[in-house]
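Student: Sequence:
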Amino acid sequence: MSNKVEVKELLEAGVHFGHMTRKWDPNMAPYIYMERNGIHIINLYKTAAKIEEANEALKKIAASGRKILFVATKKQAKDIVADKATACNMPYITERWPGGMLTNFVTIRKAVKKMATIDKMKKDGTFMTLSKKERLQVDRLRAKLEKNLGSIADMS
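0 is the number of the first residue of the sequence shown in numbering that gives the first Met the number 0; add one for each residue after it.
Hints are supplied without guarantee of correctness; some may be wrong.
[Claimed, not checked] Straight-line C-alpha distance at most 30 Å; calculated DSS-like pairs for lysine-lysine: (1) Lys113 to Lys77; (2) Lys22 to Lys74; (3) Lys83 to Lys66; (4) Lys113 to Lys132; (5) Lys83 to Lys109; (6) Lys83 to Lys113.
In short, the hints are calculated from the structure, not lab data. Since we're looking at a predicted model, the values are computed, not measured.
Working from the sequences, and respecting the hints, build out all of it.
Tutor: Put into structure tokens, the structure is as follows:
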């Protein structure tokens, strides 16, 4: 199996379909091949070159032992990305992107600490001292935090 990205594979996967022409970003102009039926068609040769470039950069980052955050919020890619990220022990986001994830990580870290606090409460027994309603609310909060932030809990 070759690691090289083939243009034919990209074409078969439908990578060449871009956004509608009215929703385009002018910075993407060099990578747009043409416009057809109100949709931009992406230049697959340039895409393949950029994928190779990104692949080399990611290899260097992984070799140096640093973390790589995998992100996929489209339903077609969620499961695949989660499986691959878990296989290489890297953090991932497959649900809604948390606002401020990169620019306001202090707030995200607080939510992760809240999740850890709930886990600690369950271990030391203080969780059972709560009323049934409070336990249910805390369980729901924990499930929501796990869904959105579970994989990034160990990111620094």
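Student: None of the hints should be skipped; say for each whether it holds.
Tutor: Against the structure, the hints come out as follows:
Taking the CA atoms of Lys113 and Lys77, the gap is about 25 Å. The hint holds against a cut of 30 Å. About 21 Å separates the Cα atoms of Lys22 and Lys74, which keeps this hinted pair within 30 Å; it holds. Under the criterion of a C-alpha separation no larger than 30 Å, the hint pairing Lys83 with Lys66 is consistent with the structure, at around 14 Å. A threshold of 30 Å between alpha carbons decides the hint, and for Lys113 with Lys132 the separation of about 18 Å falls inside it, so the pair holds.
Pair hint Lys83 plus Lys109 holds up; C-alpha atoms about 27 Å apart against a cutoff of 30 Å. At roughly 27 Å between alpha-carbon atoms, Lys83 and Lys113 fall within 30 Å of each other, so this suggested pair holds.
The earlier numbered hints are all upheld by this structure, with none contradicted.
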